[in-house]
Amino acid sequence: MDPITLLIVLLGACAVVLVLLVISLVRVLRGTRRRDGVDDDTAPTVPRPR
Amino acid sequence: MTETVAGGRAELRARRLFAIVAALIATILAAFTPLTALQRGLVVHQSELWMLGALALIALTGLAAPRASARTLRIMAGVAVAGWVLVQVATLWQTAGQAVLTPWVITASAAAVITGLVAGGVALAWGVQLVASVLVLVHRTLLGDITFAGWVNDTQAMLIGIVVAAIGAITLASGRRLDAATAERAAAAAAAASARGRLAARSRAAAVVHDDVLATLTLAGSGLPIPRDLLAAQAARAEGSVRELAAGTFAPTEPFPAELAAEVARRDPAARIEAAGDGAAGLPDDVRAALLGAALQAVDNSIRHAGPGTRRHLVVVARADAVTVTVTDDGVGFDPAALPADRLGVRVSIVERVRDAGGVAEVDSRPGGGTSIRLTWTAPPEPPKPDTTDPRMLRLGVAVIAVVFTVTQLAVAILAVPTARFWWVPLAVCVGLFTATEVLRRSPTAVPSRGRLAAVTGLTLVVVAVGAVLSPFTYADLWFVTTAAFVFVAVAVRGCLRWALAGAAVLLVIVVAVGVSVGASPATVAMSTARAVVVVLLAVGLTRVVAGMQARTARLQERAVRDEERAAWDAAARDELGDRAARVAEHAGPILRRIAAGGELTDVDRRAALAVQGGLRDELRAGRLATPAVAEAAACARARGVDVLLLDDAGDRPDLDLDGVDAWLAALLETARVRAVGRLLPAGRGATASATVDGETTDFGG
Chain B
1 MDPITLLIVL LGACAVVLVL LVISLVRVLR GTRRRDGVDD DTAPTVPRPR
Chain U
1001 MTETVAGGRA ELRARRLFAI VAALIATILA AFTPLTALQR GLVVHQSELW
1051 MLGALALIAL TGLAAPRASA RTLRIMAGVA VAGWVLVQVA TLWQTAGQAV
1101 LTPWVITASA AAVITGLVAG GVALAWGVQL VASVLVLVHR TLLGDITFAG
1151 WVNDTQAMLI GIVVAAIGAI TLASGRRLDA ATAERAAAAA AAASARGRLA
1201 ARSRAAAVVH DDVLATLTLA GSGLPIPRDL LAAQAARAEG SVRELAAGTF
1251 APTEPFPAEL AAEVARRDPA ARIEAAGDGA AGLPDDVRAA LLGAALQAVD
1301 NSIRHAGPGT RRHLVVVARA DAVTVTVTDD GVGFDPAALP ADRLGVRVSI
1351 VERVRDAGGV AEVDSRPGGG TSIRLTWTAP PEPPKPDTTD PRMLRLGVAV
1401 IAVVFTVTQL AVAILAVPTA RFWWVPLAVC VGLFTATEVL RRSPTAVPSR
1451 GRLAAVTGLT LVVVAVGAVL SPFTYADLWF VTTAAFVFVA VAVRGCLRWA
1501 LAGAAVLLVI VVAVGVSVGA SPATVAMSTA RAVVVVLLAV GLTRVVAGMQ
1551 ARTARLQERA VRDEERAAWD AAARDELGDR AARVAEHAGP ILRRIAAGGE
1601 LTDVDRRAAL AVQGGLRDEL RAGRLATPAV AEAAACARAR GVDVLLLDDA
1651 GDRPDLDLDG VDAWLAALLE TARVRAVGRL LPAGRGATAS ATVDGETTDF
1701 GG
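If you read the protein sequences in the order shown, they are chains B and U. Residues 1 to 50 (the numbering used here) make up the first sequence, in order. Residues 1001 to 1702 (the numbering used here) make up the second sequence, in order.
Worth flagging that the hints you see were computed from the coordinates, not collected in a lab. Heads up, the beta-carbon is just placed ideally off N, CA and C, and yes, glycines get one too. Misleading hints may appear alongside valid ones.
[Unchecked claim] Derived list of chain U stretches under chain B, where covered just means 3 residues or more per stretch with a C-beta under 8 Å from a C-beta of chain B:
(1) 1063-1074
(2) 1541-1551
[To be verified] Simulated restraints on C-beta separations:
(3) B:Ala13 <-> U:Val1079: 43 to 53 Å
(4) B:Val16 <-> U:Ala1428: 44 to 54 Å
(5) U:Ala1571 <-> B:Gly12: 48 to 58 Å
(6) U:Asp1321 <-> B:Gly12: 52 to 62 Å
(7) B:Val22 <-> U:Ala1265: 53 to 63 Å
(8) U:Glu1438 <-> B:Leu6: 48 to 58 Å
(9) U:Thr1072 <-> B:Val22: 54 to 64 Å
(10) B:Asp2 <-> U:Gly1541: 36 to 46 Å
[Stated by the list, open to error] Incomplete in silico selection of chain U near chain B, CB under 7 Å:
(11) Arg1016
(12) Leu1017
(13) Ile1020
(14) Ala1023
(15) Leu1024
(16) Ala1030
(17) Ala1031
(18) Pro1034
(19) Thr1036
(20) Ala1059
Modelling step: build the complete structure from the supplied sequences, incorporating the hints.
Next up, the structure:
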């Protein structure tokens, strides 16, 4: 691969990763959801009898 | 089966956040690597490619962070850190003896240090920083690349790593404490709510027994000429109430004032009803049930006893933190002090019911003067917020940073002396900046006063301005610009973000102005200021994000505690109601069904009704008198047709000695023919108990 192509590929990859990371950051700051739809932060913190 | 969560939420969130911050820094570094290679004419060192791989591992950890469990995150971060250290060692190996400069990217350790924090806490983070610093030093020594500029770069990179690790460590420790405090509070709140739930369930059961069951059994046992079909209908209703009690439904469907108004209007369509406030949407279920039941009992009492033509008036003021219900009538009234001890409508169904839910019921009435019953409930004060900052961790972090900062910057100042225009300038700048940090450190409050902040900022800026004017304008000789930025980092970490940003902005303006005035190249100006600006922005951003995240986590955990409390209350109330309802159904079910079935009641039926009525009444009022011996004697007496009443009025009397009371009372009950009243006496009455059997009173004890 010629150096210029490599440079463009690397920079492009970095840009994509940056965007994904910013999305992840926002998601963590706003709180995540579990698969069952329960807010990860409000699920019970102590054992609850079923 | 229990549902529980391993590890804390606040701590896990902080770990995820820092994994992403590390990944962001790693990605930016990765983007700069090919750009610097472009500057060199597209020459990419092999070590730089390895480093790109290590940075990719850190970025991958950040990408996985939002979904990863605590364990997965730690493992991924551990692998990334190990990869980074391996690349450092391999770079050292590969470039040793070659005439190349140290690749700058290997000196940027912040991403690896933060990843170390995520993997193994603050010790690993500082360990990674130490390894990075030592390896860079060895590298420079092997390459003969020890220059003043290199030393300035390396110490500043190290300081950034340590500061970020300290902020991260404090955040993780706070998260852990917040998790522990929340779990403790949730458990305590759930236990308290369970107790309240049981009390509320008992009150509700007692009220149903009094309002429906006892009323029916008393009528059935009285022998009064009541239409048989009406009595049967009332018995069927009472049995339905007991069944509903067992189902224990507590979920309200409409706002409290609306539900109360509808129920009152159903009982007395002529009643005047006024409602104010926002509807008290957050009213706890137990309080709601108690206020509703007590207010309706007050209305029922008024309808039964206040006389014909009485006008009734209901006022509800319902706010989120306080509710007041007033039921007033202009009926015949009564003397509350003269209310017979066996009349339970006011005592059990109103006063005790509201008291058990944490409220107050006041009864104001006099003969001929109407009645006013006022029910009030005020939300308990919010518990104090736990202080989640770990002072030990804070002190340790500040101490480590202070030592590293002082030693490295003093060393840089001494190294700067040979190239300085005036030998004393670097040392004077160093002393000035140390003084500024010391003034900040000595602040008696966590957030310094405005005066102190002004002094710190002013001193720092003056020192930088004088230093910049008196020093050669090069990246290395302007080392103190980044040192000054660390003073503003300390200001930011203490929560004064605007002061930090304003200080950094003025710092930038000063250095750019000096650079322009001496004709320095834009590249030199940019190199001399870039790290200072980035450091302050990083600290401000991180502090802000961490504070926001902690506040949100605390709010969410507060909600989790409330949900926990509600669930515990509901479970306990259902449990207790089920038990109580089963007991009432067992005792009263057969006779209620017999009455509900219609047909004439025999003497045996009437006696059975009175016996069951007496037993239920004992459950409400006999208290400590309801020992097995007394209960059996009372049941036998009732079976003989004796009207037995047992009352525990001793309250929390301190000198209460119950020894022998039950045998004495049981013997007396066996002799009763018509009516017997046994009573534990309140304090100040001398005797412990009294018994009135067929008109003759005897005292026991005292």
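Given coverage of the region 1063-1074 of chain U by chain B, checked by CB-CB distance under 8 Å (3 or more): Check passed, 4 qualifying residues.
Restraint: Pro1034 of chain U near chain B, CB-CB cut 7 Å. Satisfied or not? Holds: closest Cβ of chain B sits about 5 Å from Pro1034 of chain U, inside 7 Å.
Does the interface hint hold: is Ala1023 of chain U within less than 7 Å of chain B, judged Cβ to Cβ? Status holds, d = 5 Å.
Min Cβ distance, Ala1031 of chain U to chain B: is it shorter than 7 Å? Holds. Min distance 4 Å.
Status of the given 48 to 58 Å range, CB of Gly12 of chain B versus CB of Ala1571 of chain U: holds (56 Å)
Restraint outcome when Ala1030 of chain U is required to lie within 7 Å of chain B by C-beta distance: holds (5 Å)
Could you check the hint for me, namely that Asp1321 of chain U and Gly12 of chain B are 52 to 62 Å apart, CB to CB? holds (56 Å)
Does Arg1016 of chain U pass the interface hint, meaning its C-beta sits closer than 7 Å to a C-beta of chain B? holds (5 Å)
Hinted contact Ala1059 of chain U with chain B - closest CB pair below 7 Å: OK, holds: Ala1059 of chain U within 7 Å of chain B, min 5 Å.
Proposed interface contact between Leu1024 of chain U and chain B, which counts if any beta carbon pair is under 7 Å: At 5 Å from the nearest chain B Cβ, Leu1024 of chain U passes the 7 Å test, so the hint holds.
Holds or violated: is the Cβ of Ile1020 of chain U closer than 7 Å to a Cβ in chain B? With Cβ-Cβ at 5 Å, under 7 Å, it holds.
Between Ala13 of chain B and Val1079 of chain U, is the Cβ distance one that fits in 43 to 53 Å? This hint is violated: roughly 20 Å between Cβ atoms.
The structure does not agree with the numbered hints 3, 9, 19 stated previously, though it agrees with the rest.
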